[in-house]
Amino acid sequence: MPRPQHQVPLAFLSRPSTSTYSASLPQCVSRDFSSGTTLSARNGRMSMARRTMFRWLEGPGKQLKYARPGTTNYLGAYDKSGRFVRGSGSGRQNGEDEDADVEDEDADQDNEPASLDNDTSKKIKSGLAPETQEDLRPFPLNRFFRSEPVLSEELRHEIFRRVIEKNQSAREVSIALNVEMARVGAVVRLMTVEQDWIRHNTVMCLTTANIVHLLLQGKELARPYQAAVLSMVPTTPFDPKGLRQPRHESINDLPVHPATQIQIFHPTSESRQFTRVDAGKVFHPSLMPADERIPHPEMIEAIKDRMNGMNVREVKEAQQARIDAMAQKRRDAEAKKAEQLARSTTVVEGKRWDFKFVDCKVDATGKEGRSPSGVGWRYGFPHEDRKKGQIKIQTKVEY
3 MPRPQHQVPL
13 AFLSRPSTST
23 YSASLPQCVS
33 RDFSSGTTLS
43 ARNGRMSMAR
53 RTMFRWLEGP
63 GKQLKYARPG
73 TTNYLGAYDK
83 SGRFVRGSGS
93 GRQNGEDEDA
103 DVEDEDADQD
113 NEPASLDNDT
123 SKKIKSGLAP
133 ETQEDLRPFP
143 LNRFFRSEPV
153 LSEELRHEIF
163 RRVIEKNQSA
173 REVSIALNVE
183 MARVGAVVRL
193 MTVEQDWIRH
203 NTVMCLTTAN
213 IVHLLLQGKE
223 LARPYQAAVL
233 SMVPTTPFDP
243 KGLRQPRHES
253 INDLPVHPAT
263 QIQIFHPTSE
273 SRQFTRVDAG
283 KVFHPSLMPA
293 DERIPHPEMI
303 EAIKDRMNGM
313 NVREVKEAQQ
323 ARIDAMAQKR
333 RDAEAKKAEQ
343 LARSTTVVEG
353 KRWDFKFVDC
363 KVDATGKEGR
373 SPSGVGWRYG
383 FPHEDRKKGQ
393 IKIQTKVEY
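Heads up: the sequence shown at position 163 corresponds to 165 in the numbering used here, and the numbers run straight through without jumps.
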């Protein structure tokens, strides 16, 4: 018999409503994907680290928001409670803001003045003592870093005036003003560009009305910005009387020669007097000793003259004679080198360019191919001082 067919109501065959379908799924929680927002901040609460940071910014850190005129405003000049140590009239307490785990080899110099400048009297009159080495530490946790001074505007102009107007050498200016020779050259080059820029703008102001307006307002150079920056950093002033020029940096540091960067075991007899001259020849046959490779070897000779009983005037005359002799020797070497180059160079003139051909030899690179007189850039010769299987100790001893 046929099975009876059951009629299904249309209500059950129809698709469920949207509200019924969405109610069967879990609710999707909104989420902030910003990496800088924490769960406590999303819930309306601030973390302990943020509360501590804002408490410090509104308390002791509020003193660092604006710069102090005429002096630095580093974090090392304040104590833990935000009190400016130099302006309070009392010195820094022993052990205050000291890290017990860090040993500072210059701890005795922390309370010494950083430099004797012309503004010291102004700072004392305004209630500020001279800056100490402790005040020049921007990062209290890094006690080995100090903010180095920059050249003041007066000292910069004095360097340029002595080199350009007085025609003094960079060596003489470096010794007189305690500034490194490389920095003296950099100051002269930058100030030459600055003077050319001013001269160029002065010529253009005759024809361009806009530049006339800028020059009349005194905006040809960023003088206010320069003064603001120099007032916030330590500077080395210039002593116009010449009694005691402050020391800006070390001017007689020994440069590292590439030949001294290898490890050498050199045996010698105990009875032999092994000097710096012998040490230089061990590294390279033509390497000069340290007394001659420093930027100012004449300063050593000046000290020797002073120890031999010469007065100040005689020492200065002898030192100036040595400087003049070194300058003349350098000029002769440059002229000889230019003459040799001109003699070995063939110039072929073209319509737009001149081609120069220099005679060279293949054997000029030497036996090992490392001679600087060779042609081209040669590489691929690493040092073998730490290579295994190499004989690092000499097989004979010279007496």
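Since the hints were made in silico from the structure, they are not lab data.
You may find that some hints are simply not true.
[As the list claims (entries may be wrong)] Between beta-carbon pairs, the in silico distance windows are:
(1) Pro140 with Tyr227: 27 to 33 Å
(2) Ser233 with Ser373: 38 to 44 Å
(3) Ala188 with Arg274: 43 to 49 Å
(4) Ser373 with Lys394: 39 to 45 Å
(5) Arg388 with Phe141: 34 to 40 Å
(6) Val152 with Leu66: 40 to 46 Å
[Stated by the list, open to error] Pairs of lysine-lysine residues, derived as BS3-like cross-links and limited to a Cα-Cα distance of at most 30 Å, are as follows:
(7) Lys283 with Lys331
(8) Lys243 with Lys168
(9) Lys283 with Lys243
(10) Lys168 with Lys318
(11) Lys363 with Lys394
(12) Lys306 with Lys283
(13) Lys338 with Lys363
All values derive from a computational prediction rather than experimental measurement.
Just so you know, even glycine gets a beta-carbon here, dropped at the ideal spot from N, CA and C.
Structure-based check of all given hints:
The hinted window of 27 to 33 Å between Pro140 and Tyr227 is violated, with their beta carbons roughly 21 Å apart. Here the CB-CB span from Ser233 to Ser373 is close to 53 Å, at odds with the stated 38 to 44 Å. Taking the beta carbon of each, Ala188 and Arg274 are about 44 Å apart, inside 43 to 49 Å as hinted. About 24 Å separates the C-beta atoms of Ser373 and Lys394, a value inconsistent with the hinted range of 39 to 45 Å.
Between Arg388 and Phe141 the C-beta distance comes to about 36 Å, which sits within the given range of 34 to 40 Å. Between Val152 and Leu66 the beta carbons are some 21 Å apart, a value that contradicts the proposed interval 40 to 46 Å. Restraint check for Lys283 and Lys331: the C-alpha separation of about 24 Å stays at or below 30 Å, so the hint holds. For the hint linking Lys243 to Lys168, the alpha-carbon distance of about 17 Å falls within 30 Å, and the restraint holds.
Proposed proximity of Lys283 and Lys243 is contradicted: the alpha carbons are some 45 Å apart, above 30 Å. A distance of roughly 18 Å separates the Cα atoms of Lys168 and Lys318; the hinted pair therefore holds under the 30 Å criterion. At roughly 33 Å between alpha-carbon atoms, Lys363 and Lys394 are farther apart than 30 Å, so this suggested pair is violated. Proposed proximity of Lys306 and Lys283 is supported: the alpha carbons are some 25 Å apart, at most 30 Å.
For the suggested pair Lys338 and Lys363, the alpha carbons sit about 20 Å apart, so the restraint of at most 30 Å is met.
Against the hints set out earlier in the document, violations occur for numbers 1, 2, 4, 6, 9 and 11.
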